[in-house]
Amino acid sequence: QLQLQESGPGLVKPSETLSLTCTVSGGSISSTTYYWGWIRQPPGKGLEWIGTIYYSGSTYYNPSLKSRVTISVDTSKNQFSLKLSSVTAADTALYYCARHLLGVAGNWFDPWGQGTLVTVSS
Amino acid sequence: QSALTQPASVSGSPGQSITISCTGTSSDVGGYNYVSWYQQHPGKAPKLMIYEVSNRPSGVSNRFSGSKSGNAASLTISGLQAEDEADYYCSSYTSGSTVVFGGGTKLTVL
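Protein sequences, first through last, are from chains A and B.
Counting in the working numbering, the first sequence runs from 1 upward without gaps.
Counting in the working numbering, the second sequence runs from 1 upward without gaps.
It should be emphasised that the hints constitute simulated quantities derived from the structure, not laboratory data.
Just so you know, even glycine gets a beta-carbon here, dropped at the ideal spot from N, CA and C.
You can take every hint at face value.
Derived pair list, reagent style DSBU-like, types lysine-lysine, alpha-carbon separation capped at 30 Å:
(1) Lys66/A <-> Lys45/A
(2) Lys106/B <-> Lys47/B
(3) Lys68/B <-> Lys45/A
(4) Lys44/B <-> Lys77/A
(5) Lys44/B <-> Lys13/A
(6) Lys45/A <-> Lys83/A
(7) Lys47/B <-> Lys45/A
(8) Lys83/A <-> Lys66/A
(9) Lys68/B <-> Lys44/B
(10) Lys13/A <-> Lys45/A
(11) Lys83/A <-> Lys13/A
(12) Lys44/B <-> Lys106/B
(13) Lys83/A <-> Lys44/B
(14) Lys44/B <-> Lys66/A
(15) Lys83/A <-> Lys47/B
(16) Lys66/A <-> Lys77/A
(17) Lys13/A <-> Lys66/A
(18) Lys47/B <-> Lys68/B
(19) Lys77/A <-> Lys13/A
(20) Lys68/B <-> Lys106/B
(21) Lys66/A <-> Lys47/B
(22) Lys106/B <-> Lys45/A
(23) Lys44/B <-> Lys45/A
(24) Lys77/A <-> Lys47/B
Here are some, though not all, of the chain A residues that point toward chain B, as calculated from beta-carbon distances under 10 Å:
(25) Ile39
(26) Gln41
(27) Leu47
(28) Trp49
(29) Gly51
(30) Tyr60
(31) Leu94
(32) Tyr96
(33) Leu102
(34) Phe109
(35) Pro111
(36) Gly115
One-sided excerpt, in silico: chain B residues whose CB lies under 10 Å from chain A:
(37) Tyr34
(38) Ala45
(39) Lys47
(40) Leu48
All chains should be built: construct the whole structure from the sequences, respecting the hints.
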């Protein structure tokens, strides 16, 4: 059974870079079918897609975050990572990673990690 | 890209049916049959309920169904149960290989 687990600092200072890692278990991140995505949810608010990566390194980003986001993949560790630069309080959110079927084959996220709360505060 | 439009809240009594709408544009919902729906209970991660407009993943109750007409998609829950009380989000693939979510709908089972 595929499982995803987010990890990283729970507190980041304003203007610094948020860094999170998603570890995939029970399956290979090098799947030729699936992509791997990041989604966030500010407290009490809705879901926002951040971006998605394919095992080859191809990336797709939310246009509203594109200038600050970098998603990378490490197939040797079965992990993919998120970096969000120049964070502000508005970036405080629960960050989820998920397997993503994207493009001509569809659009859905399943399964999801449990999420990790990142607070931006000095 | 703008978020898809969902009603903030809907409610229904046990046994009834409810429908949640998800309105987009011809660049997202109307342009692709790639709408998915998620259920989120408080403190839990979202769960995929419907994919490609109307398909149910294995294990999801057949009380959940999806449809689309033009630029609007819908999620219908029949035979409402207390356990269906949750937040529901739609999502669509968009031009440019991006993804957009709806603002979410809180379902209350009266």
